[in-house]
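Student: One letter stands for each residue in the lines below.
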Amino acid sequence: MDNLVIAGRSFRSRLMIGTGKFSSNRAMVSAMEASGCEIVTVALRRVDLANPQDSMLQHIDRNRYLLLPNTSGARDAEEAVRLARLARAAGCEPWVKLEVTPDPYHLLPDPVETLKAAEILVKEGFIVLPYMPADPVLAKRLEEAGTAAVMPLGAPIGTNRGLRTRDLLAIIIEQARIPVVVDAGLGAPSHAAEAMEMGADAVLVNTALADTPNPAGMSAAFAKGVQAGREAFLAGLGGQRNQAEASSPLTGFLRNEG
Amino acid sequence: MDNLVIAGRSFRSRLMIGTGKFSSNRAMVSAMEASGCEIVTVALRRVDLANPQDSMLQHIDRNRYLLLPNTSGARDAEEAVRLARLARAAGCEPWVKLEVTPDPYHLLPDPVETLKAAEILVKEGFIVLPYMPADPVLAKRLEEAGTAAVMPLGAPIGTNRGLRTRDLLAIIIEQARIPVVVDAGLGAPSHAAEAMEMGADAVLVNTALADTPNPAGMSAAFAKGVQAGREAFLAGLGGQRNQAEASSPLTGFLRNEG
Amino acid sequence: MDNLVIAGRSFRSRLMIGTGKFSSNRAMVSAMEASGCEIVTVALRRVDLANPQDSMLQHIDRNRYLLLPNTSGARDAEEAVRLARLARAAGCEPWVKLEVTPDPYHLLPDPVETLKAAEILVKEGFIVLPYMPADPVLAKRLEEAGTAAVMPLGAPIGTNRGLRTRDLLAIIIEQARIPVVVDAGLGAPSHAAEAMEMGADAVLVNTALADTPNPAGMSAAFAKGVQAGREAFLAGLGGQRNQAEASSPLTGFLRNEG
Amino acid sequence: MDNLVIAGRSFRSRLMIGTGKFSSNRAMVSAMEASGCEIVTVALRRVDLANPQDSMLQHIDRNRYLLLPNTSGARDAEEAVRLARLARAAGCEPWVKLEVTPDPYHLLPDPVETLKAAEILVKEGFIVLPYMPADPVLAKRLEEAGTAAVMPLGAPIGTNRGLRTRDLLAIIIEQARIPVVVDAGLGAPSHAAEAMEMGADAVLVNTALADTPNPAGMSAAFAKGVQAGREAFLAGLGGQRNQAEASSPLTGFLRNEG
Amino acid sequence: MQLQINGEAVQAEDRIDVGRLLSRLELNPQLVVVELNRRILTPEDFSETALTQGDVLEIVQFVGGG
Amino acid sequence: MQLQINGEAVQAEDRIDVGRLLSRLELNPQLVVVELNRRILTPEDFSETALTQGDVLEIVQFVGGG
Amino acid sequence: MQLQINGEAVQAEDRIDVGRLLSRLELNPQLVVVELNRRILTPEDFSETALTQGDVLEIVQFVGGG
Amino acid sequence: MQLQINGEAVQAEDRIDVGRLLSRLELNPQLVVVELNRRILTPEDFSETALTQGDVLEIVQFVGGG
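Residue numbers (this note's numbering), protein chains in the order written: chain A, 1 to 258; chain B, 259 to 516; chain C, 517 to 774; chain D, 775 to 1032; chain E, 1033 to 1098; chain F, 1099 to 1164; chain G, 1165 to 1230; chain H, 1231 to 1296.
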């Protein structure tokens, strides 16, 4: 079986999904089920005392899905560590999608604070999957710090622009000895397929699944795209040529050459 | 059911495959089966009297696959028409993938001769699927001439470069009232998926399936890629943004804003 | 001197400019002067009897600029030929930018009608520069028909999208024995520079020069971009690498290697 | 005058050049002169006692060119700081192009060590221009640390691949309050022009100038490309459209519209 | 009599010649081209070409175009 | 007495414990996490932890996030 | 007599018909198409079509193609 | 006595100063930088700095670099 293995745990699906921005819990669950995913990210936020919402946890089958709490909202390492600890206290397994994004506009990860937080969380026994810029040197440093995977961005979150960091993702994949999960910016199954064809181990998708009239249909489509890319990677893709090459024989035409 | 319909005939698969360049008939058949395709292209060539090969037809289940003879090798309309007639005489149904490629190096289609041949073959009752440059005006003229579909190229044949004619394919798709089958240059499932996401009705792939250590595996991958792209198109893809958009809530952080 | 030669006539500038859409004749002239161009395109239209405009010809120094009338508005070969004849009757030299664009939305050229009109106009002694799809086979056929140059499109007119037909332009340039002038879609000097680096002989720009707060500044910028690309082409560009290569020495570091 | 100002010092040229890999000092000087550059980078290396070379310094007019020593070869902050101090001791002004590249294969910058070294060197009074990944958050942190500019990479050094980090460069430029100098990977004048059109303040080029049969010609070409991009940025570029827009009038045709 | 000019019906005095028509229309004969019943006229023809009832004329000029 | 909960001043009866506070707030103790003066409480602590004037609490829960 | 088959000169016995020619050439009549002097034959014609000196034949079959 | 220069063992006469060492090595003191036991010397120091057994020197110069 071609399983994804992170921190010794094995997953059949290479598509992780984010649970943000769905129009309803029903839509979220339909996307989760259609995607065949086994890992879903969630965020931690203050309860609104004025009108407490029922928790989305009630809608997620914890036996079927591994909850991967993120540290979204953290602006530095300290805030990220605090959020990770709260998530673990909530009874989650000690897995965390580490996010440190000081800039509220572009929501891009801070390489220095992310590395600092990763070092602390690894020491505290967390299984750390850091969201990071597509920076091959940082990826190696996070790997050395003991993260379970790296999650480089394909494009700024929510842009649906695909692999805008292609060249650097290729280097990260080539050098990594831990799983590479391409996160952020994947707006279409073809984007996810391309990441997998390049040799990524998995992808995480959210906006493209929440932001469509048909979350379940789109999630099924992404699942196939991820699988397509993975199978092509395993089968062995041919390289690109600059010169055409006939797919029909170049002899035996109905004419007498020279 | 979301079927592809060409000339009133319905197909479940939107992946057509070419039978050229496989290392063996066995490899070819394994690719056909793994791809789930229902339409396969073939070429006509002179028998080599010195050493006649057994015909590849013996390996193709005619009840399962529609044979789509191409006119490869034709340098002008007359040669193409002659090849189409020979193919029909061989007992094929009157379907033809019209190819007129005067230049043996880049094997690009001749717009004028292709249109001329299409007009003749349509009059003779052929179901014509012309291979063509990604030229929206030509696509309309072929449609007006009565072709059953158009097959614009994504990139020069055999290059595996993907949708290098993206902008023009989008216009062809937007304007066409007959099926658009993207042909040539699709080198990876992500390329096929992208074509389908854009709204193409089908794709034709050959080199990428023949030119791999694992034709069956690659064909299965392309089948998933095509399906992924189709389902995403039907579900409704979101547009690209230039500005990031959070996938986690932007309120309820563990701090007291301003 | 590295001159552009078309139909035996020599030009120092490789930037042609279109005169459409300028906010005023003053803006148009400032752009022409700043661009250093020697060829400008113009269109023919019915005089508005209700309020006749003064002719833009009064603003163009005919000794300095070669007027290249286009056949814009022609939907087929016959209309294009008629417009070309009218332009010549207006006292222009028999140069014509041949445009046949049946579709009023995308304004893309008709390959068949363009070839037909080119054959007629060449016979009538016109010096024909056809606007055409980026179709290498059509380019050869137009060359064989005796056109003085070919003008393949980089992207649909007015889109500013740059060389979206890159791969096919490269083949056209490689095969052409007449000048290749990239027309339409060039939205920035970098687009014009890229076309020249690929070996194009010249470019034609209009929208990007008319559609800016500073036509003269933008025209000067394009002139430099064209020159930059041309000089780089002549100097000889290096190829792209997939692997980094140090620009500083890889020896003599302040450490004692193993 | 539209000057580039770094650390209060004003430069007319926005093209910096690297002096590595030239076939001869003569070729290097011809490139410097043709480029009109005012800033050139140099590296520090151990003298080869076995056969001491004459120093390249003798070939560079120190009154005309500002020497910008790089810290190439440094694998961490400490090595980079040591090299910067040695360069200053050699009588250079205290400008330094900070490079920390632990990986000898891809020569990509280390974000953490680069920031650490920048903080030290700024305190010691250096004018620091750090070579960095195209990481907008790191760019802000370096700016806050007091660097005089940031030098994000367009593509891995020496690859000639152009702006492969386009989307992130745009964010860096949008956010920066210090000059942004795009460095590494610029292989053609069109790449340099595009960087300037995006609003970069300057570019640094080396490989493309050294690695050509005609360094002087290529340097002149890049100088024009940089100027073209800058002037277009100042004039105001139009946006891209997805729909064509006529450059000739859409009325007054020689036909009577319905 | 009635002429059709640029697709519109126009009244003109009988037997007016093209040259006079242009001046009536305040058009500079140097800056327009005239097509009479699908035949292109040269400026020299203008004054010698008398128009008759129902003639169809196209009068065109150059405008900015790309 | 006054507490600060999620950044807001909240009045509560003296010596209320966290468990009771949560039920007052109609929050399911299984579905929230409570941080008291920057120290994380476990659900077991809730009923044994009495609050005092000025205590700062954060009460958080999981929401959808990417 | 001499025939031209697929561009090559081939000797064959006089008045041989196409059917026999194919078996001589060890070709399966079900799997080839025959064009005689630019006219396409149907399999039924094979045995009834006698060849004569100088006839030009094309014998083609399907091969893999894209 | 023995010195280590640029990572290599080099024999030199006792108590040689840096200035003399450079001329022995045929190096132009204006064009190199010298680091002695990790301390950077200024050109002025060269003649006053006597070397002793085991000193570690780095002698560097500028080369082309990007």
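Honestly, the hints are just simulated from the structure, not real lab data.
We put the beta carbon where it would ideally sit given N, CA and C, even for glycine.
Worth double-checking, as some hints may not be accurate.
A partial selection of chain C residues facing chain D, derived with a Cβ cut-off under 8 Å [what the hints assert, rightly or not]: (1) Glu640; (2) Thr728; (3) Gln756.
Student: Against each hint, give a clear statement of whether it holds in the structure.
Tutor: Hint check:
1. Hint status for Glu640/C: violated, given a least beta-carbon distance of 18 Å to chain D, over 8 Å.
2. At about 5 Å, the closest approach between the beta carbon of Thr728/C and any beta carbon in chain D falls short of 8 Å, and the interface hint on this residue holds.
3. Given the 8 Å rule on beta carbons, the hint for Gln756/C holds: about 5 Å separates it from the nearest Cβ of chain D.
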